[in-house]
Amino acid sequence: SQQGEEDPQALSIQEGENATMNCSYKTSINNLQWYRQNSGRGLVHLILIRSNEREKHSGRLRVTLDTSKKSSSLLITASRAADTASYFCAPSSGGTSYGKLTFGQGTILTVHP
Amino acid sequence: NAGVTQTPKFQVLKTGQSMTLQCAQDMNHEYMSWYRQDPGMGLRLIHYSVGAGITDQGEVPNGYNVSRSTTEDFPLRLLSAAPSQTSVYFCASSAFGISGNTIYFGEGSWLTVV
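Chains as they are written, first to last, in my numbering: chain H, 1 to 113; chain X, 1 to 114.
Don't take every hint at face value.
[Unchecked claim] SDA-like cross-link-like pairs, simulated, lysine to any residue; straight-line CA separation at most 20 Å:
{"#": "1", "chain 1": "X", "residue 1": "9", "chain 2": "X", "residue 2": "86"}
{"#": "2", "chain 1": "H", "residue 1": "56", "chain 2": "X", "residue 2": "102"}
{"#": "3", "chain 1": "H", "residue 1": "56", "chain 2": "H", "residue 2": "71"}
{"#": "4", "chain 1": "H", "residue 1": "26", "chain 2": "X", "residue 2": "51"}
{"#": "5", "chain 1": "X", "residue 1": "9", "chain 2": "X", "residue 2": "59"}
{"#": "6", "chain 1": "X", "residue 1": "9", "chain 2": "X", "residue 2": "73"}
{"#": "7", "chain 1": "X", "residue 1": "9", "chain 2": "H", "residue 2": "8"}
{"#": "8", "chain 1": "H", "residue 1": "26", "chain 2": "H", "residue 2": "73"}
{"#": "9", "chain 1": "H", "residue 1": "26", "chain 2": "H", "residue 2": "68"}
{"#": "10", "chain 1": "H", "residue 1": "26", "chain 2": "X", "residue 2": "42"}
{"#": "11", "chain 1": "X", "residue 1": "9", "chain 2": "H", "residue 2": "26"}
{"#": "12", "chain 1": "H", "residue 1": "69", "chain 2": "H", "residue 2": "48"}
{"#": "13", "chain 1": "X", "residue 1": "14", "chain 2": "X", "residue 2": "73"}
{"#": "14", "chain 1": "H", "residue 1": "26", "chain 2": "H", "residue 2": "5"}
{"#": "15", "chain 1": "H", "residue 1": "26", "chain 2": "H", "residue 2": "48"}
{"#": "16", "chain 1": "H", "residue 1": "69", "chain 2": "H", "residue 2": "93"}
{"#": "17", "chain 1": "H", "residue 1": "26", "chain 2": "X", "residue 2": "113"}
{"#": "18", "chain 1": "H", "residue 1": "56", "chain 2": "H", "residue 2": "44"}
{"#": "19", "chain 1": "H", "residue 1": "70", "chain 2": "H", "residue 2": "53"}
{"#": "20", "chain 1": "H", "residue 1": "69", "chain 2": "H", "residue 2": "30"}
{"#": "21", "chain 1": "X", "residue 1": "9", "chain 2": "H", "residue 2": "38"}
{"#": "22", "chain 1": "H", "residue 1": "56", "chain 2": "H", "residue 2": "68"}
{"#": "23", "chain 1": "X", "residue 1": "9", "chain 2": "X", "residue 2": "113"}
{"#": "24", "chain 1": "H", "residue 1": "26", "chain 2": "X", "residue 2": "59"}
{"#": "25", "chain 1": "X", "residue 1": "9", "chain 2": "H", "residue 2": "39"}
{"#": "26", "chain 1": "H", "residue 1": "56", "chain 2": "H", "residue 2": "19"}
{"#": "27", "chain 1": "H", "residue 1": "69", "chain 2": "H", "residue 2": "83"}
{"#": "28", "chain 1": "H", "residue 1": "56", "chain 2": "H", "residue 2": "66"}
{"#": "29", "chain 1": "H", "residue 1": "69", "chain 2": "H", "residue 2": "8"}
{"#": "30", "chain 1": "X", "residue 1": "9", "chain 2": "H", "residue 2": "44"}
Hints are computed from structural coordinates only; laboratory data are not their basis.
Build out the structure end to end from the sequences listed, making use of the hints.
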């Protein structure tokens, strides 16, 4: 399994602003997932984008995938204080990587009221 | 439907003691795994299982044992606890399907080894 690298490591914004986080990976993938972790809690799945998709939306979340650049971005629009959390990307090549995704250090997002 | 349940939530051990972190899932998932999360290190895979009776090592397996006698349960055993094993442990499960390999995490077990 391969690990994604999130950037920036930390992001601090005001409520109502948009937050953009990036993820880079090294080898070809079958899909890429984004997860959120609130302080002291387990990770929660946010969205999955497949290698043949370029953009996907879910509520205030927008994920893009550029397989030529081996990168993905997560955009949270109109951020709320409740969006304060760590965000992780998890690229997957499928096959034997199922069930054992690898996670980087994540992006710590702080949304100030 | 409880999802992934971990026990205990908090545990303090003395160096050299052994213990078992319990994990159970009620989603009939084939895949289960254990991660540890240390500050600034992200999540690291300890062991994983692709089905009952089948386990394999992840990135950091030393000092830990696992077994998978049923689909539902995947306990993690610390054989002789060391301060370096102080961490937060997460159990997770997933199933192969059209939604891909979305992983469902438990709420974590905070372990301190003194």
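Against the structure, the hints come out as follows:
no. : hint             : in the structure
1   : 9(X) <-> 86(X)   : 13 Å, holds
2   : 56(H) <-> 102(X) : 16 Å, holds
3   : 56(H) <-> 71(H)  : 14 Å, holds
4   : 26(H) <-> 51(X)  : 29 Å, violated
5   : 9(X) <-> 59(X)   : 23 Å, violated
6   : 9(X) <-> 73(X)   : 17 Å, holds
7   : 9(X) <-> 8(H)    : 31 Å, violated
8   : 26(H) <-> 73(H)  : 15 Å, holds
9   : 26(H) <-> 68(H)  : 11 Å, holds
10  : 26(H) <-> 42(X)  : 18 Å, holds
11  : 9(X) <-> 26(H)   : 35 Å, violated
12  : 69(H) <-> 48(H)  : 18 Å, holds
13  : 14(X) <-> 73(X)  : 26 Å, violated
14  : 26(H) <-> 5(H)   : 9 Å, holds
15  : 26(H) <-> 48(H)  : 18 Å, holds
16  : 69(H) <-> 93(H)  : 16 Å, holds
17  : 26(H) <-> 113(X) : 36 Å, violated
18  : 56(H) <-> 44(H)  : 18 Å, holds
19  : 70(H) <-> 53(H)  : 13 Å, holds
20  : 69(H) <-> 30(H)  : 15 Å, holds
21  : 9(X) <-> 38(H)   : 16 Å, holds
22  : 56(H) <-> 68(H)  : 17 Å, holds
23  : 9(X) <-> 113(X)  : 14 Å, holds
24  : 26(H) <-> 59(X)  : 18 Å, holds
25  : 9(X) <-> 39(H)   : 15 Å, holds
26  : 56(H) <-> 19(H)  : 16 Å, holds
27  : 69(H) <-> 83(H)  : 28 Å, violated
28  : 56(H) <-> 66(H)  : 12 Å, holds
29  : 69(H) <-> 8(H)   : 17 Å, holds
30  : 9(X) <-> 44(H)   : 18 Å, holds
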